[in-house]
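J.: For chain Y, the structure is supplied; the task is to place chain V on it using the hints.
2 protein chains.
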Amino acid sequence: MKLSFRWYGDNDPVKLQNIKQIPDMKHIVSAIYDVPVGDIWPKERIADLKSSVEKEGLSLSVIESLPVHESIKLGEGSRDQLIENYKESLKNLGEVGIKTVCYNFMPVFDWTRTDLNYVLEDGSETLMYDNDVVKNLDPITTNLHLPGWDESYTKTEMSSLIRKYRTMTDDDLWDNLTYFLNEVLPVAVECDINLTIHPDDPPWSIFGIPRIIKTKESYEKLLNINNVKNNGICFCTGSLGCLEENNLPEMIRTFGDHIHFVHMRNIKRLGNHSFVETGHLSKEGSVDMKEVIKALKDINYKGTIRPDHGRMIWGETGKAGYGLYDRALGATYINGLIEGVDK
Amino acid sequence: MKLSFRWYGDNDPVKLQNIKQIPDMKHIVSAIYDVPVGDIWPKERIADLKSSVEKEGLSLSVIESLPVHESIKLGEGSRDQLIENYKESLKNLGEVGIKTVCYNFMPVFDWTRTDLNYVLEDGSETLMYDNDVVKNLDPITTNLHLPGWDESYTKTEMSSLIRKYRTMTDDDLWDNLTYFLNEVLPVAVECDINLTIHPDDPPWSIFGIPRIIKTKESYEKLLNINNVKNNGICFCTGSLGCLEENNLPEMIRTFGDHIHFVHMRNIKRLGNHSFVETGHLSKEGSVDMKEVIKALKDINYKGTIRPDHGRMIWGETGKAGYGLYDRALGATYINGLIEGVDK
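Protein sequence lines correspond, in order, to chains Y and V. Numbering of the first sequence is given in my numbering, commencing with residue 1 and proceeding in unit increments. Numbering of the second sequence is given in my numbering, commencing with residue 344 and proceeding in unit increments.
Here chain Y stands alone, though its shape is the one from the complex (with noise of 0.2 Å):
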């Protein structure tokens, strides 16, 4: 397994001149992040990024990641040329030797939490998602703003277009993920490059819109639409972890094959959907991380691997979820899991 870390860019606080001081850390996972969602990655922007994680003696191993823009998981007439833009932006990944790119396809939200500064018993403050905060919200008549929303929408766009989601239904957004891995894929395919979808987080249902890549079921219908390696999965154990249904060494040992990117980390369930972000160590939260590198190590994965979410720990400050600190104890001690778990 390839250890790795995400890592925003020359605007992160967070310094490659660090990161490679973490122990065994030699993969960075990153994104060009300036450039508008559908628009096409021009290959020298993907070089230079490549080149300035090279530069400190580190290897650009994933994309993480290449958004899809709205239209396309809507199904509107536009997508077929952002669709076009998409495969222009993973050929140019491809020719600059990129072999890993992970993407998305949760309409509106990406991640969604009510806190970002948690405070644990031990002073730490983390993320947390309370279940009633969200049900009691209603995103096109109040002006609350969660963290995790995309600001640079107007509140009429947002509305506009959480209006145009609620029309839909799972399967809808299922066809047009269809639609869309069937232009893609082959590309992909052609590129040498492993596409991998990050599930839904939290993996369920928010502000009625619809959500589709929460269970086991819901990968048995994406690898229905092809069965291709390069139709691949990133698989969170903390977004999946969420649901107590989901049985996550299980999960790889049946999907294995797709599974070509993983994100380490922990939360609690704290009953009725809701939850907190805990340090890596499985008797910190409800995910048995042991059990996970046993089943990773059961099916031979040789891809990537970092460390998600850490809190915020000695009093250092930033993108949340994001520091240095936290995310190398859990780095080092997803270490200790590898070494230490015998196949």
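Some clues are possibly wrong.
Said to hold, decoys possible - Result set (DSS-like, lysine-lysine): computed pairs, CA atoms no more than 25 Å apart in a straight line:
id, chain 1, residue 1, chain 2, residue 2
1, Y, K99, Y, K2
2, Y, K283, V, K637
3, Y, K91, Y, K302
4, Y, K26, Y, K302
5, V, K637, V, K686
6, Y, K26, V, K363
7, Y, K343, V, K626
8, V, K363, Y, K268
9, Y, K20, V, K633
10, Y, K290, V, K645
11, Y, K55, Y, K99
12, V, K637, Y, K294
13, Y, K294, Y, K216
14, V, K637, Y, K290
15, V, K434, V, K633
16, V, K645, Y, K297
17, V, K434, Y, K290
For the record, the hints were derived by calculation from the structure and aren't laboratory data.
T.: For chain V alone, coordinates are given in the frame of chain Y:
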């Protein structure tokens, strides 16, 4: 196993508030640093230390170290009073509830290194030991100061001490350790305290002075003095690992009943008795940390274990080997190993 962290008291730049945010960190290893060596540790001072640790929700689990006066190691006339004082300190520690006490029997020099700021490839700084530097240096005739020297000695005192030890053989030093243990072990048994001797660091003679806690044979001799379990061992992988002949897992399985404290540290042997301290991961150094944890699980080790020396990373400054960051990375790595390794 009880994961712990060494803390140098209120003056330590690493604060308890930071230590307790390391996942699963509940135990503190500390000492009283301002009582002159040989004097009795007052009970109130020990109780104060304990309560300052407990105020942060942590436990004071090991005293490292209760130092042994040079006159005891030299077998001088004053040793009897100094040993009586040592017994009183043990009684006071016992009354406050301390169950594990670390000490060493290294003459004059505790741990010895030739460089505290050796720069590794990733830009981190670490401790290293260059045998050629030590071999070509006579602390009596030169004015050089190695890191780790006790600067509280004057040049004349230091020279006098060294001259005395140079007249002693290893057997003489063993006699003095035997005399000391015969006196203090009955008190340790009565107080229910496990005394744990730290190995010599590095585990060979330096500057023509005897050193005796180095190898498997050393521990056989130690337990021949008295086989009571309170005659214990602080098993330091970094010190013992400097000698390739030391089979650490085998030593753990052989002397397991006497191991009450473990230091997890990694070094890279450079040949010719030189070495550099690395991050904790097995793949970074010469010590197979997984095999160490496996052996500890085999003997059903329930005692205290701590990450030892870390590198200086992320621009941290402070006490060489005892920064927060890399030791914390060691702690979560050790936790991953403990969780991952099946018994």
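J.: Which constraints among the numbered hints does this structure fail? Numbers only, ascending.
T.: Hints 6, 15, 16 and 17 not satisfied by this model.
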